[in-house]
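Line by line, the protein sequences are chains A and B.
Numbering-wise (our numbering), the first sequence opens with residue 2 and increments by one.
Numbering-wise (our numbering), the second sequence opens with residue 306 and increments by one.
One or more hints might be untrue.
What the hints assert, rightly or not - Derived coverage of chain A by chain B (criterion: at least 3 residues anywhere in the stretch with Cβ under 8 Å from a Cβ of chain B; other residues may be distant):
| hint | segment |
| --- | --- |
| 1 | 15-21 |
| 2 | 69-76 |
| 3 | 94-106 |
| 4 | 164-171 |
It is worth saying that the hints were derived from the structure and are not from the lab.
Here a beta-carbon is modelled for each residue, glycine too, at the ideal position from N, C-alpha and C.
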Amino acid sequence: MSIEIAGLTRRYAEVAALDAVDLSIRDGEFIALLGPSGSGKTTLLRALAGLEFPDAGSLHVHGRDLARVPARERGIGFVFQHYALFRHMTVFENVAFGLRIRPRRDRPGGAEITARVQRLLELVQIPELARRYPDQISGGQRQRVALARALAIEPRLLLLDEPFGALDAKVRKELRVWLRQLHDRLGITSIFVTHDQDEALDLADRVAVMRAGRVVQFDTPETLLARPADAHVAGFLGEAVRLPCTLADGQARFAALPPLAVETSLPDGPALAFLRPVDLAAEPAGGDAPGNATVVSARHDGRGLRLTVLLEGTVLDATPAAGWAAPARGEPCRVRPLAARLFPA
Amino acid sequence: MNPAIGEPRWLRWLLCLLALAVLGVVMLLPLAAVFTEALRRGLPPALAALADPDALAAVRLTLLVAAVAVPVNTLGGIAAAWAIAKFEFRGKRLLVTLIDLPFSVSPVISGLVWVLLFGAQGWFGPWLQARGIEIVFALPGLVLATIFVTFPFVARTLIPLMQAQGRAEEEAAATLGASGWQIFRRVTLPNIRWALLSGVLLCNARAMGEFGAVSVVSGHVRGETNTMPLHVEILYNEYQFVGAFAVAALLALLALVTLGAKALLERLGGRRLAGA
Numbered sequence: 002m003s004i005e006i007a008g009l010t011r012r013y014a015e016v017a018a019l020d021a022v023d024l025s026i027r028d029g030e031f032i033a034l035l036g037p038s039g040s041g042k043t044t045l046l047r048a049l050a051g052l053e054f055p056d057a058g059s060l061h062v063h064g065r066d067l068a069r070v071p072a073r074e075r076g077i078g079f080v081f082q083h084y085a086l087f088r089h090m091t092v093f094e095n096v097a098f099g100l101r102i103r104p105r106r107d108r109p110g111g112a113e114i115t116a117r118v119q120r121l122l123e124l125v126q127i128p129e130l131a132r133r134y135p136d137q138i139s140g141g142q143r144q145r146v147a148l149a150r151a152l153a154i155e156p157r158l159l160l161l162d163e164p165f166g167a168l169d170a171k172v173r174k175e176l177r178v179w180l181r182q183l184h185d186r187l188g189i190t191s192i193f194v195t196h197d198q199d200e201a202l203d204l205a206d207r208v209a210v211m212r213a214g215r216v217v218q219f220d221t222p223e224t225l226l227a228r229p230a231d232a233h234v235a236g237f238l239g240e241a242v243r244l245p246c247t248l249a250d251g252q253a254r255f256a257a258l259p260p261l262a263v264e265t266s267l268p269d270g271p272a273l274a275f276l277r278p279v280d281l282a283a284e285p286a287g288g289d290a291p292g293n294a295t296v297v298s299a300r301h302d303g304r305g306l307r308l309t310v311l312l313e314g315t316v317l318d319a320t321p322a323a324g325w326a327a328p329a330r331g332e333p334c335r336v337r338p339l340a341a342r343l344f345p346a
Numbered sequence: 306m307n308p309a310i311g312e313p314r315w316l317r318w319l320l321c322l323l324a325l326a327v328l329g330v331v332m333l334l335p336l337a338a339v340f341t342e343a344l345r346r347g348l349p350p351a352l353a354a355l356a357d358p359d360a361l362a363a364v365r366l367t368l369l370v371a372a373v374a375v376p377v378n379t380l381g382g383i384a385a386a387w388a389i390a391k392f393e394f395r396g397k398r399l400l401v402t403l404i405d406l407p408f409s410v411s412p413v414i415s416g417l418v419w420v421l422l423f424g425a426q427g428w429f430g431p432w433l434q435a436r437g438i439e440i441v442f443a444l445p446g447l448v449l450a451t452i453f454v455t456f457p458f459v460a461r462t463l464i465p466l467m468q469a470q471g472r473a474e475e476e477a478a479a480t481l482g483a484s485g486w487q488i489f490r491r492v493t494l495p496n497i498r499w500a501l502l503s504g505v506l507l508c509n510a511r512a513m514g515e516f517g518a519v520s521v522v523s524g525h526v527r528g529e530t531n532t533m534p535l536h537v538e539i540l541y542n543e544y545q546f547v548g549a550f551a552v553a554a555l556l557a558l559l560a561l562v563t564l565g566a567k568a569l570l571e572r573l574g575g576r577r578l579a580g581a
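Produce the entire structure from the sequences given, and follow the hints as far as they go.
Next up, the structure:
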């Protein structure tokens, strides 16, 4: 289902939780709403579900204006951050709920409900838990129940509020991959809220970066990383460090780093540079390479050697030169920039 | 019990003994006295006292008042707790304070307000008299006074539970297509049923036992407006000790049965929640 959001605004007292949000989502897309807490992403999700009513703006799902339609008439699936499973019902009854409460003429028969719930539990890979109660299963399993329950009403749109927020790291990774596969299989337009950029960039077709009730940028993960719309997005995405610099003669000049040749449309003068770890090369100091930083820590993770250095009071991650096998803590080193993204100061 | 807190053993024993002693002196001893006095001359006189028409009328009236007051307060208590726990509105604090009012006001006042409102010299007295409607010194007055005194029990037991449970399950039910009534019947009510039962039983125990407020509005017409507690007092003042204590014992028995039912239900509910 395609979704058109225009000028959506929601105020609490004086604060605008949503400030004229525009968003256009295509049928079958998997969308992430990414932002720090208080950026309005959950409010936007709740407004889509009908749990929150906007003060202004329109909200069309497949051409129908839903802004004033109550939640129960929207047919939109919602997976709550803490699952909100019905604690007094078994897993089976939780999933069956949306079918059992239908008016008699739309309600499937008992055998039909049993069959459909069974199919859904198999879809989320927990058929053996049907008779358990929510307090008898793990967090990851509850998440699957919540998803099956939302899918039972055959929603045109699936909304997920911090779907992995309450899970430990390992379960989170597994569920992430599985959820993306499930989406690709079912093809339901889905929107999830997260404050974790890895999650958003890994999972979503497009990511809406939010700040202070506004969507600052809405793009594919590749575009977001390659061409962030402003300094805020650049700072929020990736592990970039922000350094002030001065532009002059096609060069960016830093306080503590060697100058970097840049091509930019920005005027000469002060600017902000964002440098990712891969944009900063570090090598041991010595000889013709005087040190400008010291090693804070060096550790191996799955992807290779991670180096953290202290550069004139700023702690930043850099990429060690090939062949520098074992940087020692406190060792002087030389850091130089290879590339940077520039924004007006 | 807990070695981490580290009280010496003798202190724990002392505290337990102290608690048991207080319990024994102020709770068990009087209760035992009631039953002993009732049966002082054996069972037959006690039963005969209970079979007295006035005593039977008092029992009937007490059960009738409770049968009206408890359902009214159950519905009112659920409504108040639901509003306070699940919605934000102006005057919420005031409402919470008002719910406690019957606990903080003297029972005599709780009875007197009805006399002031509906008595012969009360605000609505002449109007009611002209139409031949009796409220004070009649059944409606007894019911009103009992409702007032026992209102907090259900609301008070439900509010903390419903606040702790939050709104998420109700919201989930709404997104799944449930109407307001379906949400209440299938989600809210099952989640509060054990606390609700416990509140209702406490409310019932108090409704049957209330003396002060009921005494003010009753008028003490024997066989007509005397509830069991009032009947006990009348008998006692007339030196009919066996009769007084027999009725008192029956009243105490009703309270004990109520408490027993509450404990049993809580155990059943606890077992289900533990998921045996």
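Cross-check of the supplied hints:
1. 15-21: violated (count 0)
2. 69-76: holds (count 6)
3. 94-106: holds (count 4)
4. 164-171: violated (count 0)
In the structure shown, a violation is registered for the earlier hints numbered 1, 4, in ascending order.
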